[in-house]
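Engineer: Single-letter residue listing:
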Amino acid sequence: MARFFHKSSEKAGQLPGTPVYVGRSKSEAVAIETYEFDGEALDCAEAVSLDDVQAPQDSDKTLWVNVDGVHDVDLVQEMGTRFGLHPLAIEDIAHTGQRPKVEDYGSHALLVLRMLRWNESDDQIDDEQVSLAIGSSWVLSFQERKGDVFDPIRDRLKTNRGRIRKMGADYLLYALVDAIVDHYFVILETLGDRIEVLGEHMAEDPNKKDLTSIRHLKRELLFMRKSVWPLREVLSSLQRDGAVSIHEETAPYFRDVYDHTIQIIDTVETFRDMVSGLMDLYLSSISNRMNEVMKVLTIIATIFIPLSFVAGLYGMNFDWMPELHWRYGYFWALGLMTSIGGGMLVYFRRRHWF
Amino acid sequence: MARFFHKSSEKAGQLPGTPVYVGRSKSEAVAIETYEFDGEALDCAEAVSLDDVQAPQDSDKTLWVNVDGVHDVDLVQEMGTRFGLHPLAIEDIAHTGQRPKVEDYGSHALLVLRMLRWNESDDQIDDEQVSLAIGSSWVLSFQERKGDVFDPIRDRLKTNRGRIRKMGADYLLYALVDAIVDHYFVILETLGDRIEVLGEHMAEDPNKKDLTSIRHLKRELLFMRKSVWPLREVLSSLQRDGAVSIHEETAPYFRDVYDHTIQIIDTVETFRDMVSGLMDLYLSSISNRMNEVMKVLTIIATIFIPLSFVAGLYGMNFDWMPELHWRYGYFWALGLMTSIGGGMLVYFRRRHWF
Amino acid sequence: MARFFHKSSEKAGQLPGTPVYVGRSKSEAVAIETYEFDGEALDCAEAVSLDDVQAPQDSDKTLWVNVDGVHDVDLVQEMGTRFGLHPLAIEDIAHTGQRPKVEDYGSHALLVLRMLRWNESDDQIDDEQVSLAIGSSWVLSFQERKGDVFDPIRDRLKTNRGRIRKMGADYLLYALVDAIVDHYFVILETLGDRIEVLGEHMAEDPNKKDLTSIRHLKRELLFMRKSVWPLREVLSSLQRDGAVSIHEETAPYFRDVYDHTIQIIDTVETFRDMVSGLMDLYLSSISNRMNEVMKVLTIIATIFIPLSFVAGLYGMNFDWMPELHWRYGYFWALGLMTSIGGGMLVYFRRRHWF
Amino acid sequence: MARFFHKSSEKAGQLPGTPVYVGRSKSEAVAIETYEFDGEALDCAEAVSLDDVQAPQDSDKTLWVNVDGVHDVDLVQEMGTRFGLHPLAIEDIAHTGQRPKVEDYGSHALLVLRMLRWNESDDQIDDEQVSLAIGSSWVLSFQERKGDVFDPIRDRLKTNRGRIRKMGADYLLYALVDAIVDHYFVILETLGDRIEVLGEHMAEDPNKKDLTSIRHLKRELLFMRKSVWPLREVLSSLQRDGAVSIHEETAPYFRDVYDHTIQIIDTVETFRDMVSGLMDLYLSSISNRMNEVMKVLTIIATIFIPLSFVAGLYGMNFDWMPELHWRYGYFWALGLMTSIGGGMLVYFRRRHWF
Amino acid sequence: MARFFHKSSEKAGQLPGTPVYVGRSKSEAVAIETYEFDGEALDCAEAVSLDDVQAPQDSDKTLWVNVDGVHDVDLVQEMGTRFGLHPLAIEDIAHTGQRPKVEDYGSHALLVLRMLRWNESDDQIDDEQVSLAIGSSWVLSFQERKGDVFDPIRDRLKTNRGRIRKMGADYLLYALVDAIVDHYFVILETLGDRIEVLGEHMAEDPNKKDLTSIRHLKRELLFMRKSVWPLREVLSSLQRDGAVSIHEETAPYFRDVYDHTIQIIDTVETFRDMVSGLMDLYLSSISNRMNEVMKVLTIIATIFIPLSFVAGLYGMNFDWMPELHWRYGYFWALGLMTSIGGGMLVYFRRRHWF
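Residue numbers (this note's numbering), protein chains in the order written: chain A, 40 to 393; chain B, 40 to 393; chain C, 40 to 393; chain D, 40 to 393; chain E, 40 to 393.
Derived by calculation from the structure, the hints in this document are not laboratory data. There's no promise every hint is true.
The list cannot tell twin chains apart, which means a pair is met if one copy fits it or any two copies do.
[Unchecked claim] Here are the simulated DSS-like cross-link-like pairs (lysine-lysine), alpha carbons at most 27 Å apart as the crow flies:
hint, residue 1, residue 2
1, Lys-334, Lys-248
2, Lys-265, Lys-197
3, Lys-100, Lys-197
4, Lys-185, Lys-334
5, Lys-205, Lys-334
Everything numeric in this text was worked out from a predicted model, so none of it was measured.
Whenever a hint applies, use it, and build me the whole structure from the sequences.
Structural biologist: Here it is, written out as structure tokens:
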């Protein structure tokens, strides 16, 4: 439940624009790292203190500030003030558990995304809110906790591979969004493998545990869908509205991420179809087995009932019952029973009843 | 039923624009309170009489008039006339039980919302129509009865916290809408807790009472949905049409409430999915148990039927039945029965029939 | 069936624009009444002959002509010609059984609506096509038969209440549409009461007759829906396209009717949900009862089968069966049966099987 | 199947714009008839040869050429060339089995429609592709075979009834489309009668043959739907895009056909609902009967099982069984059985089990 | 699974715009063929080396380069660079498993399509990504492996049939797209035949194998749908956006392909309906047969239970049971049994229970 709905009733009645942290762990220390670069030089620093972070004066350079931990609301507030973020943007950053969205505040914009990772220990998808604020020459990224999918970007910045150092803040924004979206494919692959394994297992011997697995997969797909569907809208409005100053040469990259999102949505829907198919398979196999059991048992009962009747017949105590005194009366009775039982068996078999 | 459809047939045939009270209790006294303020000063008065309420002359100040109780139709009519409300607006205020909507009458606009609260005693959501009329420098709010979710706003006005005193009528309107929408999260949380508790209970031992709980939750979610869905349209058209003179600096706040509404709708839909899931769980567990019962009983019957046949066999009265005269005939019969019964048990067990 | 689809095959192959009456009773006499008015004076006449009806010369006055009975095709044709109606408009008036629609012919427009009333004797909704033609200063209304929901309007015209006499043809049109739509609430209330009563009855003792009631309600709701859904489109296009010369001050009134229509559609959909809920309740209660019956019967059978086996056992005729000769053999057998039966009962009870 | 999907794989790999006949019978002779007219004169000729058909020089006159049989691809090709049809238009005419569509080629346009007729012998709907090409002063109609629904138009042209002779090619086009659409109502009526008769029959005694009838009706409705749904789009785009030079005075007529199409779609959907309702009725009546059977049989079995137990009890061979030696022991046993059986019957009846 | 979702997690974290081959076989050799033509001359070469391929200088000529095998990423990269393709276009070409899409990069555009073929050996649809890059005077086509549906086009180019040699790159693009789409009809026909055969078989004797066939058809239709649905969007946006410089005279041809796509989608949906219908038929026939079995067995049991009771009755050992000593007591008992059994049979038959 907690993954599907973050408690935010405590926020009700609060002053709008007041950042209140809504989320999980409040214990981890907050870590800030900065990357300031242009085509030629890169200044990067880890574990810097808040005092050293300034909105860049020199607009030729691009600044990326990454913050791990948004539970330190004062820090988020102070950071926001220095970069001139709108109070509602600051509130959204602190208030994790938002749907993906983009909000344009004129001088800057805020993108809220969900970063997904597969949690091996809990065997489920973990999600984390990543808020990306973009100004003319800077990008701020806020994450709930340490650990992310941005290492390739850090690497590319440091080694100056590709065009990331040559292009501005909008391309950096793209790179961050792309990293998050690309990681969805990893999740999809995990889920796809699970579905395949489950399908193969159920083709042989479906049992009650499979039902739990199906429900589990269903829930994870529902969870993933919740994160991905709104993303499509976000990326589409990013292209359409000209919100966020995206240069013409960066536009195809954003369209590319958009296409990936569509593909992910498509695959999630296909997976949901497949899981529904597995559910149907399970239900029909259970009902089939039940029917088989009932049928066999009913056939057994049906065959013996006439036999018992014959036995009961010759158990009657009438004075005059000639068969009882026949020489081979007993064999006659046994033969009668055998032929009735056999006849029924043959008849049932012929009608393909078992 | 009453919550889903307010009787309004008595209105049929009435003069359009005639305010007719359609709603519940008509007994409570009507209470009026006024707040007139600008950045510097605040005049607030409770339990004022209608005669003291005037549309403000001085357009630098903002006036908020809150009316508890719309069953006094004459008072609503008189108030409307003083502020120049359109006759249809006045009719809508008195005629509670409306869908959320916004109506622009040029010089002023009317917003109709549903204020929801959890009624502990009836264990259901209570709703109340809140009509908000907004002019250039005033906001009128009409509620069906005393008690609302506006206390934090009153508090902020009095203590001059946040920007509420510095901004105009449109920000006040926003604050009122925001307070109502924020309270929906409280309802959602209550419903979420219910669903979670029910889910845990049903995982252990689903029974008939759970069915009632599921139906109850379903109905409350349907009820909530009815109030929230149209709200989305209302807030979207508020942004789009430029209805109501919303200043540029207030616009992001309305977009923020809009985002909350989307999130609430999302959560309501997720909850509905979950409740459907519980229903399916219930049905399948009931049908499973039924199947189990039938299977066990059928197996018992099936095992005894051949045994009874054997007993019947040796209860026959043929003159010549050698087994009857065997020394250990009785043990032979018992042994035969035991091996038939045991064989069937082993066979059934092997085929996983029980 | 007849209510859902009016035979119109006889029209196939007809000259377009030829009015052919398609409808029910052709026997009633046609009645014409006229109301000519401005803010000061009102000329009203009932049962006038066609010859006295003229399109008004004096455009300051507004003329309303109401015709009960459209089976007199010649009269409709002649009336249409006098007011310059388009041939297709005349055809639509005569050809009842149309979906609600609005058609703009430049100088005039035609609105087709369905007037609904609850027919107590047949216990179903009766519908009737009302065609409203509007020109610059006149409104023609054509009904299928006598009796309508326009009496309050006649009354207001005569007593000069409200603004109906002061405003033009567009407001009159609004008043007529509003009267029809307002009456839908009366139907809804009847249906709502039925649903409520049925729901209460079924909570206690659902039986086969309830199924008929459910089907009946379902059909009536379907029928109502067919009349109301297109109305929404009609009213929305009326506002949007500027078809029909609607003055600015009348526009809010049409928006108001539009809102009512939305509310009616909403309620119809809610009712349909509720009726579906009742259907589910019925089906599940039937299937529950069936299951209960089968379970109890199966339990009885299951308990007696082992007992009969014991009886059969001691009915065997072996020479040597020591129990038969025990002093308390009979009691032993009875005791054995009692403990088997009792044990099974206890076991079943413990597993909550009954 | 053939009705739902015309084999067109043989076309794959063909030169685009090459007319290839795809359809059914290739044997019938091709027949051409021409109508050239203005308000004053009419030249009409049947069974003309291709050589006599020329695109009209005199644009004051309107020419209608009707071709029965499109399997003579060369003729279609030649005709198309004379009137300057686009190669793709010619291909579409020959390639029957198309969805209804409209294609604008600048100087002329092509409308493809499906003409439906009820085939009494096969008891199903027959369809045929009618392609209507319209230029500034001519209309070409291509049908698959002889026999159509255009006789009333021929009649009106010859007798100069209505305005058909006075208006241009666009009105002629409308008349042809209207004739086709009007005939759909005849089909609807046939289907409606079938549904009604079936409904009445099933209310009394539903049997297996009804299931076949339901499936049959379902398929015919699906087939009809396939022809009518795209028509709506066609007619709507005809009005919207100004494709085909439709004069202002003809526009209302096309809107009228559009309205008829909507009404047909509406009715088809209502019929589908009704047929689904019949299906549900059938299924529930079958399942009801099955349940009844099972219940009665189970009750019989249940009543006799305890009675048989009693009989078995007194069939035991214990030495000491006092009842066996009672004077009225036999009556005692019979009485015991009667009271057990009767008691159970009373109990079952009281619980409304049968 | 592999057909529905191509593993692309290995791509996560890669530099955007880096072509990474994602697909199946990497072994086949890459083959390049070129066609350079205008209305008069054609230069065509097979198995050319990469070095001989140059973007055409002379814009009067049109160049088509077809590449079989995109796993040689360097070759694709080099080719792309020579024709000035956007890095993302090159990435999309190498990264097979994309949804159909069109991407406009200003000077050139990229169309991604799925080419389907029926794989007889695996009895399923094979798909392959075909990427078509179009510039002002050239078209590049990239396929995953040898073998395609373009032979008729090669033929037309060589023999100069139709207008393909006279028109530019846009017509060539159309011809390629048309060839792919036309081949979908071949697949549809195969599927249609399967459905028909299956339907006929199931009408006679539905069995478990049919269920597998139904699931198989369902999956293939789902697969086909995934390829065709997005195509509609692609072709529609191609017409709408003016992406790709399509000349006016080519436009009708693209509209024609668009119509074919709609028709294919239509047919796929109809087929899906039909397959669902077969599924329902299967399920209902299985459940019918099960019901029949249970009913017959229950009837047999029910008839014999009272008979056994009679037998048990006269097996009782009461001292005084007059019937036992009647002369024809035995016949009396047999007669009683016969009449009970016969009576029940008659009763059951009369109520149509078997």
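Engineer: As a check of your reading, is Lys-100 near Lys-197 (CA-CA no more than 27 Å) within one copy, between copies, both or neither?
Structural biologist: within (15 Å within a copy, 47 Å between copies)
Engineer: Reference check for the pair Lys-185 and Lys-334, CA-CA at most 27 Å: within, between, both, or neither?
Structural biologist: Neither, since 60 Å and 54 Å both go past 27 Å.
Engineer: Quick one: Lys-265 to Lys-197, C-alpha cut-off 27 Å, is that within a copy, between copies, both, or neither?
Structural biologist: For Lys-265 and Lys-197, the Cα distance exceeds 27 Å both inside one copy (34 Å) and across copies (41 Å).
Engineer: Using 27 Å as the alpha carbon limit, work out where Lys-205 and Lys-334 are close: within a copy, between copies, both or neither.
Structural biologist: Neither way: Lys-205 and Lys-334 sit 74 Å apart in one copy and 72 Å across, limit 27 Å.
Engineer: Classify it for me, Lys-334 with Lys-248: is the Cα-Cα distance of at most 27 Å met within a copy, between copies, both or neither?
Structural biologist: both (25 Å within a copy, 20 Å between copies)
Hints 2, 4 and 5 from the earlier list are contradicted by this structure; the remaining hints agree with it.
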